[in-house]
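Student: Okay, here's what each chain looks like letter by letter:
Number of protein chains: 2
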Amino acid sequence: MLQEFSLNSVKLSDTFWKNYQALVKETVIPYQYEVLNDAITVDVQAERADDTLPTGKSHALENFRIAAGLKSGEHFGWIFQDSDVYKWLEAVGYSLINQPDNELETLADEVIELIGKAQAEDGYLDTYFQIKNPKLAYRMLYFSHELYCAGHLIEAAIAYDQATGKQSLLEIAKRVVENIQVHFGYEEGKIHGADGHQEIELALVRLYEHTQDKQYLTLAAFFTDIRGSNPHFYANEVKRNLDEGLSDEKPVIDPAYLQANEQPKNQQIAQGHAVRMLYMATGMAKIANHANDNELLAACERIWEDVTKRKMYVTAGVGSTVHGEAFTGAYDLPNDTMYCETCASIALVYFAYELFKINPKKEYMDVLERALYNGVLSGASVDGKHFFYVNPLEIHPDSCRHNPGKGHVKTTRPDWFGCACCPPNFARLISSLQKYVYTQDEENVYLNLFVASQLTTEQGVRIKQKTAFPYENQLCIEVDNGAGKLFIRKPSWAKNMQMHTEATVEETADYFIVQMDEKTRIQASFEQPTLAIRSNPKLWTNSQLLAIQRGPFVYCGEGRDNSMLFSYRVRLASISKAKLTKNASVLPETLQLVVSAEKVKNWETDALYNFVSDKEETSPAQLTLIPYHLWGNRGENELRVWFPEYTEN
Amino acid sequence: MLQEFSLNSVKLSDTFWKNYQALVKETVIPYQYEVLNDAITVDVQAERADDTLPTGKSHALENFRIAAGLKSGEHFGWIFQDSDVYKWLEAVGYSLINQPDNELETLADEVIELIGKAQAEDGYLDTYFQIKNPKLAYRMLYFSHELYCAGHLIEAAIAYDQATGKQSLLEIAKRVVENIQVHFGYEEGKIHGADGHQEIELALVRLYEHTQDKQYLTLAAFFTDIRGSNPHFYANEVKRNLDEGLSDEKPVIDPAYLQANEQPKNQQIAQGHAVRMLYMATGMAKIANHANDNELLAACERIWEDVTKRKMYVTAGVGSTVHGEAFTGAYDLPNDTMYCETCASIALVYFAYELFKINPKKEYMDVLERALYNGVLSGASVDGKHFFYVNPLEIHPDSCRHNPGKGHVKTTRPDWFGCACCPPNFARLISSLQKYVYTQDEENVYLNLFVASQLTTEQGVRIKQKTAFPYENQLCIEVDNGAGKLFIRKPSWAKNMQMHTEATVEETADYFIVQMDEKTRIQASFEQPTLAIRSNPKLWTNSQLLAIQRGPFVYCGEGRDNSMLFSYRVRLASISKAKLTKNASVLPETLQLVVSAEKVKNWETDALYNFVSDKEETSPAQLTLIPYHLWGNRGENELRVWFPEYTEN
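First to last, the protein sequences are chains Y and C.
Residue numbers for the first sequence follow the numbering used here, so the first one is 1 and each next one is one higher.
Residue numbers for the second sequence follow the numbering used here, so the first one is 1 and each next one is one higher.
Derived from the structure by calculation, the hints contain no laboratory data.
Be a bit skeptical, because a hint or two may be false.
Pairs involving identical chains hold if they fit within one copy or between any two copies, as the list cannot separate such chains.
Stated by the list, open to error - Distance condition first, Cα-Cα at most 30 angstroms in a straight line; then the derived BS3-like pairs of lysine-lysine:
{"no.": "1", "residue 1": "LYS601", "residue 2": "LYS464"}
{"no.": "2", "residue 1": "LYS132", "residue 2": "LYS490"}
{"no.": "3", "residue 1": "LYS490", "residue 2": "LYS601"}
{"no.": "4", "residue 1": "LYS615", "residue 2": "LYS490"}
{"no.": "5", "residue 1": "LYS11", "residue 2": "LYS132"}
{"no.": "6", "residue 1": "LYS577", "residue 2": "LYS615"}
{"no.": "7", "residue 1": "LYS490", "residue 2": "LYS538"}
{"no.": "8", "residue 1": "LYS357", "residue 2": "LYS495"}
{"no.": "9", "residue 1": "LYS362", "residue 2": "LYS601"}
{"no.": "10", "residue 1": "LYS615", "residue 2": "LYS362"}
{"no.": "11", "residue 1": "LYS71", "residue 2": "LYS18"}
{"no.": "12", "residue 1": "LYS18", "residue 2": "LYS495"}
{"no.": "13", "residue 1": "LYS601", "residue 2": "LYS309"}
{"no.": "14", "residue 1": "LYS582", "residue 2": "LYS466"}
{"no.": "15", "residue 1": "LYS577", "residue 2": "LYS71"}
{"no.": "16", "residue 1": "LYS357", "residue 2": "LYS577"}
{"no.": "17", "residue 1": "LYS132", "residue 2": "LYS250"}
{"no.": "18", "residue 1": "LYS361", "residue 2": "LYS601"}
{"no.": "19", "residue 1": "LYS265", "residue 2": "LYS362"}
{"no.": "20", "residue 1": "LYS464", "residue 2": "LYS71"}
{"no.": "21", "residue 1": "LYS577", "residue 2": "LYS601"}
{"no.": "22", "residue 1": "LYS601", "residue 2": "LYS495"}
{"no.": "23", "residue 1": "LYS11", "residue 2": "LYS582"}
{"no.": "24", "residue 1": "LYS214", "residue 2": "LYS582"}
{"no.": "25", "residue 1": "LYS495", "residue 2": "LYS615"}
{"no.": "26", "residue 1": "LYS57", "residue 2": "LYS495"}
{"no.": "27", "residue 1": "LYS519", "residue 2": "LYS117"}
{"no.": "28", "residue 1": "LYS615", "residue 2": "LYS579"}
{"no.": "29", "residue 1": "LYS538", "residue 2": "LYS615"}
Here the structure is a predicted model, which is why all the values come from computation and not from measurement.
Generate coordinates for the entire structure from the input sequences, incorporating the hints supplied.
Tutor: As structure tokens, then:
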């Protein structure tokens, strides 16, 4: 079992990630505050084509003011709009750890004070129900998201306490939990159900980790155990509210959509809403870890296998359909109608990390890294003010405009979303990145990610990781006051990785294990060749297609750099010879690849189909590729990740 | 301008098509009667995944009994359920021309009598409005389908008159039209609008052609002219019904969906609901033909270009999305989520034929034939009791089950549909096939389709076409009492076509033109090589894929014949060397193709993605292909029309 280091024991000095953290601090966080406060005019779009979804403004802070009695008005936005504020606060907390800022802290204190004012005397806190429908509090868990919001409140409170030592938000959160404990539990008369959208479970375990107060772990275990124990729980809620005249809503509840068709420990596959699934799995893994629950761990491993071996895009995007924002069947990974919600890749990072801590196998960190550098980073624009909810692997803009089956696929990042879960989720993950760089067991330290940084352990071991990765191919690791071993991860994309050190080095399939002494110096070198990726033949939509990766980055082509992008074919042999270049229009550094390719010539006829007896007429062409996460930063254009393989000699 | 021959001037003797006409007569028509009469238990499915759609039974004849006062009860089924009965009667009419049957005629007479009893005194006839909501008659044209049903009644009446000389159905239809004339027209106080679903227009022109009574052409022209002249017409209907308390329906009207965003003569592209679009275009072409309306003809030609050069599948399926059963944008032709409704391919046959009669260019008949042998024929099973509404080009059954974006894609043909437009549409087209085989202008005869048959013109010219096509490669044409020229079409798939005859032959790009004398004998020979098809590079979803055609048939592979179908790759050079074989499990004749191909080996790992540096491991394999229209007759399995091209030497 591995332990996380506290966030303030790791200081980042990394060019790539410091830039992102600075973007979050200087742009994303202030921008998001303005949006949540309705202080700037932005184009708030629905996350998918549906005229009934809230758009136009956030109103999230205004909802708190109304709930607090400071303003009059109606609640606006999604039932879970509060969580946008909590996630913003969580991001602020992490950011303050790395980059203290009195002004920002004061602003956050004010928001926390407002939240406190909105909290009811009994501890209950959810502006939607407080303003709109108090009688339905805790009575429509199939969609209420009350405990989901509470979970995000808890996570924010922990972050803010870690950052500032201020307990006020934590006190609010604890009072919310007390209120939850009054209403939920195995006891007769209490509610024997969990929130339709998982989140409280993982948050409660984090609260246990933060406070060491076991009641929170117990409550998390309750929610994870009670879920699915009565598959009719949510349908019964609907019926009871109808019978009692409290609601005229008649939603059709699909228990599999919210993973309540059976108990989590019995789940066999990844199914239903992808973010719910993976937040749940994260909570399950955390409980399994702390409670040594092998049954729950086995379920986590089944879910992991199903996701990563059958239901994950090469970008670590997950969720193949907009319908329910959900997983579909095995090997069903369409590149153009997929969902791949930013939050789902973030949830995959969380889940991977929990499993890694239980059993530090290479595959967990490989997937975590794949998600981080691809499906997560693609969620935000380089200017920090535009966000993707859906992260496609293939875009033909005209098709997105005219084919309603792609109504959810935006061709550029909107300013904001009516359902704004992704933008603050992005902010909180990026600003807490140092959490993932190192982990420890009782004696040893694991170096997971190649990120320039300095770690100081509680035992006083200092590990300095100097690197210009991903722009360069080495790590200088300086250990002072060392003891135990340093496990240096061997990423799957790295070739010819070598340790140059005086210290004793052992090599396994997954790690270089270096004995740390009082003063240990390690020069780790590796190569980042440009790699071709094929899909398992079972993944039928990628038949005879190649993707391209270099280092942790999956690459993509955009129409802006490659006219008639869908006319390009790539030769396998050319991929490793790709040239690394600069592209000032989108890249801060040399991360652009140029691959010798072939391009099908345009037809001279406008016929749609032709009988042919000759090989396709192609001409040599240069295919320009950029890291996937940077697509869509230069206006609307074509996008492609998987390219047809051209094999003719 | 070409003229059709009357149906009874052409006698079919063709093996391929006589079998289909016999199937329609002996199985499809009796089966459909039983279904319409709720006399047998069948699985009536919704045409797409939507629990609000009618399913379970047809009730179509029962609706007439209720409207006639012979039974009590409620209307059941779609608002246009009556049209199922009319299309069945139309098919019966055509069938009686070819294959007289007293028992069937008596049954049809009874149905006609029932329809007559249901007709109101003022001529109005629509069981839905008569039973359910008389006050809304002609007041919700945005969805009422009343004139659509009337159009199908007219077409049935013409067929039945042609077959039997019995006028009773024609009289009913004429009284319906009289009633329509009372309510619709340019005059003050009349309704200035057309049915949301086009059909009445083409039917009225057919009634004009049948009766030579010009009022019907005038009314058709009115409906075609008034459409879109006020784009708010349908929205105004909704508002008025709400205002007057006649309805609480608040549908959002998209004028483009029903081609009422502008007048038909101003339509620039194929848009909206595909069947509506093409029924409208058929009516427009008929009016343009009779009224010498060049503006309308130009619009037809624009629509034709847009459909056939940008929006048509290789099977002549049209309609790229289930959302609105509609066209999408140019070159947006996904093979797995498409709609390709059987009715839409049938409508394309109608539209192509009208344009062909105006200007007998090869392309019109090529598309007509492509639709007929592929997208239309695929609509029914070989047993005549199962039908497709949606005709996909790519099926992975598991994906259809688990991906809601494919909720409309059935993997096998259901017994019947809640919206049963396609099955009787199939029956009426097949049983009137002789209509398309020959056409004439004032002096000459056009031989359009290679179908064994005998034509006797009004002038007494007898043309006997003897052929075992598509199983063999020649036509023996015997002309007796000939005069004028015989234009023998050169299909685009035919190679090395030659005329062996004593007569004078002229050759153009589109035709062999043979001078017909008292006794002319022509031996036409040609080849049907197996052809590879590529898509225009603009059709991005078919990038580096090949389809295969032989004669008029597009071919497909099924999982039943080819395990791991999506692992096959085809070499261009092998396609022309395909072997023609028999497949007793689905084919009556030697129409199966076996192509030497490559098959990607299954991976030994269950990884979803791998970094690769070697070429794909393939092994030689035989790819078995059957004509597309026969797919899905042997249980659920994989389907593919477009195969990856394998070019490595």
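Student: Could you run down the list of hints and mark each one as holding or not?
Tutor: Quick rundown of the hints versus the structure:
Taking identical chains as interchangeable, the C-alpha atoms of LYS601 and LYS464 are never at most 30 angstroms apart, the minima being 53 angstroms within one chain and 46 angstroms between chains. Taking the closest pair of Cα atoms, LYS132 and LYS490 never come within 30 angstroms of each other, the shortest separation being 53 angstroms inside a single copy and 72 angstroms across copies. Proximity of LYS490 to LYS601 under the C-alpha cut-off of 30 angstroms is restricted to the inter-copy arrangement: shortest distance 29 angstroms between copies versus 42 angstroms within a copy. Taking identical chains as interchangeable, the C-alpha atoms of LYS615 and LYS490 lie at most 30 angstroms apart only when they sit on different chains, with a minimum of 26 angstroms there against 43 angstroms within one chain.
Taking CA atoms no more than 30 angstroms apart as the test, LYS11 paired with LYS132 passes in neither setting, with 44 angstroms inside one copy and 74 angstroms between copies. Both within a single protomer and between protomers do LYS577 and LYS615 lie at most 30 angstroms apart by alpha-carbon distance, with minima of 25 angstroms and 16 angstroms respectively. In the homo-oligomer, the alpha carbons of LYS490 and LYS538 lie at most 30 angstroms apart inside one protomer (28 angstroms), although the nearest pairing across protomers, at 42 angstroms, exceeds that limit. With identical chains, the CA atoms of LYS357 and LYS495 are at most 30 angstroms apart within one copy only, with a shortest distance of 25 angstroms there and 68 angstroms across copies.
For a Cα distance limit of 30 angstroms, the shortest separation of LYS362 from LYS601 across copies, 27 angstroms, qualifies, whereas the shortest one inside one copy, 44 angstroms, does not. Proximity of LYS615 and LYS362 under a CA criterion of 30 angstroms is satisfied inter-copy only: 27 angstroms between copies versus 44 angstroms inside one chain copy. In this assembly of identical chains, the alpha carbons of LYS71 and LYS18 never lie at most 30 angstroms apart, being 39 angstroms within a copy and 79 angstroms across copies at closest. When the C-alpha separation of LYS18 and LYS495 is checked against a cutoff of 30 angstroms, the pair qualifies only within one copy, where the shortest distance is 26 angstroms, while the shortest distance between copies is 67 angstroms.
Taking the closest pair of Cα atoms, LYS601 and LYS309 come within 30 angstroms of each other only across two copies (18 angstroms); inside a single copy the shortest separation is 37 angstroms, beyond that limit. In this homomeric assembly, LYS582 and LYS466 come within 30 angstroms of each other (Cα to Cα) only inside a single copy, at 23 angstroms, whereas the closest approach across copies is 69 angstroms. In this homomeric assembly, LYS577 and LYS71 never come within 30 angstroms of each other (Cα to Cα): the closest approach is 63 angstroms inside a single copy and 79 angstroms across copies. Neither within a single protomer nor between protomers do LYS357 and LYS577 lie at most 30 angstroms apart by alpha-carbon distance, with minima of 37 angstroms and 58 angstroms respectively.
In this homomeric assembly, LYS132 and LYS250 come within 30 angstroms of each other (Cα to Cα) both inside a single copy, at 18 angstroms, and across copies, at 26 angstroms. Taking the shortest Cα distances, LYS361 and LYS601 sit within 30 angstroms of each other only across copies (28 angstroms), while inside one copy they are farther apart (47 angstroms). Only within a single protomer do LYS265 and LYS362 lie at most 30 angstroms apart by alpha-carbon distance; the minimum there is 24 angstroms, versus 65 angstroms between protomers. Neither within a single protomer nor between protomers do LYS464 and LYS71 lie at most 30 angstroms apart by alpha-carbon distance, with minima of 51 angstroms and 89 angstroms respectively.
In this assembly of identical chains, the alpha carbons of LYS577 and LYS601 lie at most 30 angstroms apart whether taken from the same copy (24 angstroms) or from different copies (26 angstroms). Within a single copy, LYS601 and LYS495 get their C-alpha atoms only as close as 36 angstroms, which misses the 30 angstroms cut-off; across copies the closest is 26 angstroms, which meets it. Taking the shortest alpha-carbon separations for LYS11 and LYS582, only the intra-copy value of 29 angstroms comes in at or below 30 angstroms, while the best inter-copy value is 72 angstroms. In this assembly of identical chains, the alpha carbons of LYS214 and LYS582 never lie at most 30 angstroms apart, being 53 angstroms within a copy and 72 angstroms across copies at closest.
Only between protomers do LYS495 and LYS615 lie at most 30 angstroms apart by alpha-carbon distance; the minimum there is 20 angstroms, versus 36 angstroms within a single protomer. Taking the shortest Cα distances, LYS57 and LYS495 never come within 30 angstroms of each other, neither inside one copy (49 angstroms) nor across copies (64 angstroms). Taking the shortest alpha-carbon separations for LYS519 and LYS117, neither the intra-copy value of 53 angstroms nor the inter-copy value of 103 angstroms comes in at or below 30 angstroms. Taking the shortest Cα distances, LYS615 and LYS579 sit within 30 angstroms of each other both inside one copy (28 angstroms) and across copies (21 angstroms).
With identical chains, the CA atoms of LYS538 and LYS615 are at most 30 angstroms apart both within one copy (27 angstroms) and between copies (17 angstroms).
Of the numbered hints stated above, those contradicted by the structure are hints 1, 2, 5, 11, 15, 16, 20, 24, 26 and 27, listed in ascending order.
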